[in-house]
Amino acid sequence: MHEPVLVLNANFEPINVCTTRRAMGLILNGKASLVMNGRGEVHTVSMVFPRPSIIRLEKMVRRPRLAVRLTKREVLRRDDYTCQYCGQRAAYLTIDHVIPRRLGGKHAWDNLVAACPSCNHRKGGRTLEQANMRLLKPPSEPPSSAMYLFSRHLIHNEEWAPFVEGW
2 MHEPVLVLNA NFEPINVCTT RRAMGLILNG KASLVMNGRG EVHTVSMVFP RPSIIRLEKM
62 VRRPRLAVRL TKREVLRRDD YTCQYCGQRA AYLTIDHVIP RRLGGKHAWD NLVAACPSCN
122 HRKGGRTLEQ ANMRLLKPPS EPPSSAMYLF SRHLIHNEEW APFVEGW
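The numbering used here applies: residue 2 is where the sequence shown begins, and numbers increase by one.
Since the hints were made in silico from the structure, they are not lab data. Certain hints may be false.
[Stated by the list, open to error] Capping the alpha-carbon separation at 30 angstroms, the derived lysine-lysine pairs in DSS-like fashion look like this:
hint, residue 1, residue 2
1, Lys-107, Lys-138
2, Lys-107, Lys-73
3, Lys-124, Lys-107
Fair warning: this is a prediction, and the values are worked out from it, not measured in the lab.
Start from the sequences and build out the full structure, keeping to the hints where you can.
Dropping the structure here:
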């Protein structure tokens with residue numbers, strides 16, 4: 002009951018991912034309808050319900066455009082879990098400020114990169130020029146498209162692709 006379910010707005014725009022339990026509650030309360038059942042059935046004592054994979058809300062929900070939150074996980078995901086100085090795909094990566102905070106660098110998408118511990122230590126609290134290092138690619142904010150936001154769920158849910166790719 003904890004598998005992810007794609008939640009679509011009334012206009013079929015992907016807006017969220019919830020659990021099967023939450024999706025079943027929305028369907029039974031008449032707030033959502035089943036779009037796709039790709040997982041079998043849920044059996045109760047007296048009834049059988051299709052287990053949803055994708056649901057659609059009955060009423061349009063107005064919400065601002067989703068933005069990617071600035072977290073360590075998202076910085077690592079944006080940089081493809083690769084050190085942006087040496088290109089190594091390490092098991093453990095750190096986050097480095099390109100312009101150190103003590104020199105006025107901000108905690109923002111265009112100033113944060115993934116770095117292996119040795120490169121982060123070698124750079125220290127210096128700028129790229131002072132440390133004689135360079136980046137593989139300049140950092141930027143990732144796109145806030147539905148494909149990027151929900152792509153980690155697409156690995157196990159291929160049936161979501163037609164609904165996510167168009168947005």
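Checking one constraint from the list: CA of Lys-124 to CA of Lys-107, max 30 angstroms. Satisfied? 17 angstroms, holds
Does the structure keep Lys-107 and Lys-73 at a Cα separation of 30 angstroms or less? The given pair, whose Cα atoms are some 15 angstroms apart, holds under the 30 angstroms limit.
For Lys-107 and Lys-138, compute the direct alpha-carbon distance and say whether it is at most 30 angstroms. 18 angstroms, holds
Going through the hint list in order, the structure satisfies each hint without exception.
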